[in-house]
Amino acid sequence: MRFISKISIALVAAALLHGAVFAASFTASLDRDSIMLGEQATLSLTFQGGSPNNMPVLDVPGLSFGRPNTSTSQNINFNTGQMSSTVSITYPVAAQRTGKFTIPALTADVGGQQLTTAPLTLTVTTASAPSTAAVNSGNEVAFLKFDFPKNKIYVGEPEVARLDLYLRDDVSGLNGFQLTSSPTDGFSCGKTAEQQGMRRRAQIGNRVYTVIPISMPLTAVRTGELTLGPFTASLVVVLPSQNGGGDPFFRMFNQGEQKQFALATDPVKVDSLPLPAQNQPANFTGAVGNFTMTATAGPTNVTVGDPITVRVQISGSGALDGVTLPPQDAWHDFKTYPPTSKLDTSDQFGFQGTKTFEQIVSPLNAEVHELPPLTFTFFNPNDGQYHTLTEPAVPLAVKAAGATPMPTLAAAQNPAPENQTPQDILPIKDKLGTLENKTVQLVAQPVFLAAQAVPVLAFLAAFIWRKRTDNLANNPRLRRQRAVTQLVRDGLNDLKKFAAANQPDEFFATLFRLLQEQLGERLDCPASAITENVVEENSMLRGAPEATLNGLRELFQLCNQARYAPVRGTSELNLVAAQFEKSIGELQNLKA
Amino acid sequence: MRTISAILLALVFAGKIFAVDVAEYFPVANKFYAEGKFPDAAKAYETILQSGAQSPALLFNYANAEFKSGNLGQAIAAYRRAEWLAPRDSEIRANLDFVRNQVQGATVREGRWQNWIGTLSLNEAAILTAVLFWLTFALLFARQLRPALIPKLKTATRIFAVLTVFSASALGLQAANHFSKQTAVVISNATVARSGPFDEAQSAFILHDGAELSVLDRHENWIQVADGSGKTGWLPMKQVEILPGA
Numbered sequence: 171m172r173f174i175s176k177i178s179i180a181l182v183a184a185a186l187l188h189g190a191v192f193a194a195s196f197t198a199s200l201d202r203d204s205i206m207l208g209e210q211a212t213l214s215l216t217f218q219g220g221s222p223n224n225m226p227v228l229d230v231p232g233l234s235f236g237r238p239n240t241s242t243s244q245n246i247n248f249n250t251g252q253m254s255s256t257v258s259i260t261y262p263v264a265a266q267r268t269g270k271f272t273i274p275a276l277t278a279d280v281g282g283q284q285l286t287t288a289p290l291t292l293t294v295t296t297a298s299a300p301s302t303a304a305v306n307s308g309n310e311v312a313f314l315k316f317d318f319p320k321n322k323i324y325v326g327e328p329e330v331a332r333l334d335l336y337l338r339d340d341v342s343g344l345n346g347f348q349l350t351s352s353p354t355d356g357f358s359c360g361k362t363a364e365q366q367g368m369r370r371r372a373q374i375g376n377r378v379y380t381v382i383p384i385s386m387p388l389t390a391v392r393t394g395e396l397t398l399g400p401f402t403a404s405l406v407v408v409l410p411s412q413n414g415g416g417d418p419f420f421r422m423f424n425q426g427e428q429k430q431f432a433l434a435t436d437p438v439k440v441d442s443l444p445l446p447a448q449n450q451p452a453n454f455t456g457a458v459g460n461f462t463m464t465a466t467a468g469p470t471n472v473t474v475g476d477p478i479t480v481r482v483q484i485s486g487s488g489a490l491d492g493v494t495l496p497p498q499d500a501w502h503d504f505k506t507y508p509p510t511s512k513l514d515t516s517d518q519f520g521f522q523g524t525k526t527f528e529q530i531v532s533p534l535n536a537e538v539h540e541l542p543p544l545t546f547t548f549f550n551p552n553d554g555q556y557h558t559l560t561e562p563a564v565p566l567a568v569k570a571a572g573a574t575p576m577p578t579l580a581a582a583q584n585p586a587p588e589n590q591t592p593q594d595i596l597p598i599k600d601k602l603g604t605l606e607n608k609t610v611q612l613v614a615q616p617v618f619l620a621a622q623a624v625p626v627l628a629f630l631a632a633f634i635w636r637k638r639t640d641n642l643a644n645n646p647r648l649r650r651q652r653a654v655t656q657l658v659r660d661g662l663n664d665l666k667k668f669a670a671a672n673q674p675d676e677f678f679a680t681l682f683r684l685l686q687e688q689l690g691e692r693l694d695c696p697a698s699a700i701t702e703n704v705v706e707e708n709s710m711l712r713g714a715p716e717a718t719l720n721g722l723r724e725l726f727q728l729c730n731q732a733r734y735a736p737v738r739g740t741s742e743l744n745l746v747a748a749q750f751e752k753s754i755g756e757l758q759n760l761k762a
Numbered sequence: 500m501r502t503i504s505a506i507l508l509a510l511v512f513a514g515k516i517f518a519v520d521v522a523e524y525f526p527v528a529n530k531f532y533a534e535g536k537f538p539d540a541a542k543a544y545e546t547i548l549q550s551g552a553q554s555p556a557l558l559f560n561y562a563n564a565e566f567k568s569g570n571l572g573q574a575i576a577a578y579r580r581a582e583w584l585a586p587r588d589s590e591i592r593a594n595l596d597f598v599r600n601q602v603q604g605a606t607v608r609e610g611r612w613q614n615w616i617g618t619l620s621l622n623e624a625a626i627l628t629a630v631l632f633w634l635t636f637a638l639l640f641a642r643q644l645r646p647a648l649i650p651k652l653k654t655a656t657r658i659f660a661v662l663t664v665f666s667a668s669a670l671g672l673q674a675a676n677h678f679s680k681q682t683a684v685v686i687s688n689a690t691v692a693r694s695g696p697f698d699e700a701q702s703a704f705i706l707h708d709g710a711e712l713s714v715l716d717r718h719e720n721w722i723q724v725a726d727g728s729g730k731t732g733w734l735p736m737k738q739v740e741i742l743p744g745a
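So the sequences go chain by chain: A and B.
For what it's worth, this note's numbering labels the leading residue of the first sequence as 171, then goes sequentially.
For what it's worth, this note's numbering labels the leading residue of the second sequence as 500, then goes sequentially.
Extracted from the complex, chain B is given alone in its bound form:
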């Protein structure tokens, strides 16, 4: 059994994972986790993810393994990616909240409206809006073809039109948030934010592993960030993982 594990681990570490093998290697990574070999489990999950495949469970388990390995930032980034795929998964939300509570220092959190809109993924919101949009126009189309149906379809048309406007507004906000804003998650401990985008710049403040920050600007391999208390500074990009959305 130990030999088999070693071979699988070697394969995983060598990156010889293809999409068809994912279902086979996922239990191996789970086994590493169950045995308390969290760094090995994290590496195994990461290798599966690097093959291009992803699922909420895969990202969730990877985040758990990173957390157990002491990497809060990597864990938070993975939980957030899992949350995009399965925004109503209570286990992902619970673990994300738990890990966030371990993070020191001021951090940027989603607003109430973002949480509310985020109950649907962007694709789910797009499909819902498209369905409502098509239904509304289908009713309008039917009213043109059969004017006799107008009194019967009047209420339904109005309801669908209002729902479409509501849904499209929420989709617009969600898309704007997703495409125009970015969040940086600190993935190394005691990271120094500097006053300018170069190593010699004065240190502005210290950031801890897992701190979530708003991305304000970029300059070469540096990003300007703001923490939850509004302090701004520059960080090397290698010390953060950048996620879309605020």
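The shape of chain A in the complex, shown without the other chains:
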């Protein structure tokens, strides 16, 4: 077993070593030598025995190279023991014009070797329409036919041309149909699209073709002899594979063969005629087609200056987009405003439908009794004649406007009732109103925002005050503590006064009372019940520091002694007051 492993490793190492020293190569090839304008060829660059360190630059005037597609493969030949790697890069190549193009020798660095390909030649020719004989023979897989319904057309006249794509019955799929050239010089071309649901089948020679009609709306914009086409297109069709064999089983899995074609039509010449200058009505505004007109006006009972809406509908076929409402010279007794328009088309090209105009007019005086007849003139290319349509006059009842000289200003106080559709904007305001500088938004002003904190802070202050007040009212001990603290503070001042005045009786009487009050508050018992004995007996005081207790004992003794030996000096009284202050401070710090 170990022997077999060693042999295997040796074989692989030999193969790798052999592959490493195998000579590299670089080749370039085109999938075909000639293409039609609009078709694509494929350029393949193949690197064997290594990967390229640099890519050759492809720059051929007249040719464009698409996005490259890279594939890599590794092969081991077990017969020879050779291992080889292949890198293939393919570019779609399209031509921008006809001619013979040379892709020059390309150089690349492969594994440290500078390798060069042979130059390649690509011939690009123009697609041309197949001859009648070729079409009738049934040999054409696909071809195009262009049909323009007229050979004479008036400038401004719209017409729908048809481009028919013929596909032979053995075509099982169609991909990427694209018009590569559609010269329509002298025409404006609308959106080209397939006529939905209009595909048909046609017998040509002994073959059946599927015909796909494509509509091309065109409007002549220039006079003279105009040329439409040749239209060229490229497409890829799927045909039955030639090597599919006759076996029905294999034909089931045969997906067919894709083939690219470049198609072309013959050019078609059209004579574009100018509109006749003779008998052209003065109010003709360029409408070409065949139209009818209806018009309404309302309200008909108005005051001078009131708006009247004239609604005109022009329906029919023709260049509706360019139809405009002509100025009505007979409306000199009316103030007219620019009309608005709306186009509703009934076909996909916009050549049939209705264009609706709304124009506001207002009578200038009360002598107006009718809206004069409305006229619209168009040129009909079918009979080559100008036609003028006239809508009869509309009777009006116009009242004088009253005393106000300017109806627009006077009407400011009388806006249109809400339940009526307004015919015009309401007039301007004659009073300026209160002027202000550029609007400052309060919510963006820091001062305004900060001001909103004031009521919150005031409320919080009141809330805290209320809590403290309630707390004190509900806590008599706290209340007594505060009262005693204040009493002791005042009493100390009295003691100092009595000491300074050398009044020992008052001094010790005050001292004893203060001791009673402070101890009573601390021990939560009446002040009158405090005697020297509480210092010894009360459990709370027993936990106090000895120095504090000694101080209290001494103060009580001094008070007792003062009853029998009242003679004391100011300095001694001051010392007692200081000792009292110290002891009281310690006592206040004791936890109750």
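By construction, these hints were calculated from the structure, which means they are not laboratory data.
Each hint can be trusted.
List time: in silico DSS-like cross-link candidates among lysine-lysine, alpha-carbon distance up to 27 Å: (1) K637/A / K653/B; (2) K505/A / K530/B; (3) K737/B / K680/B.
Remember, predicted model here, so these are calculated numbers, not experimental data.
Starting from the structure of chain A, add chain B where the hints point.
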């Protein structure tokens, strides 16, 4: 009379208008309008506005003059500015609706809640909310000072507190709408919205004068907009007037 008008027009066009003169020049602009000289009237109103002064009537008349001059976008922008100052002015609303009906294509309109909230201007809403807020806290303050008043003030405090919350919510929505969203009004006809913010980008769709659009993004001198049907595209900023709020 014609000479006086010409001099005033020259002054107006020269931009020599100061705030103190506004009341004097306003009737001149009105006169241009009454005579049917709508572009002159629009220019005169615009010059007054450029002096920094504004009023609902001034903006309303300017919008009327722009509409009569055929500038739907400028008119709509001015009506909307007038509406911010006087949100309950029925004449401004009527003319704005009328002009909007003349605009072709899908356009962005205010929602029902925006219309409802918009019955007050932002400043009016701010003042109302502040008043309710102060009153509510005044009642709370009084309750702390005089607990005896608590039973009497209980209902009033609750009512004012609810009103304050309601008003503050509406103000918040209105402020968010005003400061965080923008509307672009197209001021040139047949404007092409493009797929990217540069002149060479493919055209996406056509917008007409007066179309109101939501502003989605900005890039240098371009803005990305969405129309009423949800289509998005980029427009040069010079072709629109940008207003705060949706």
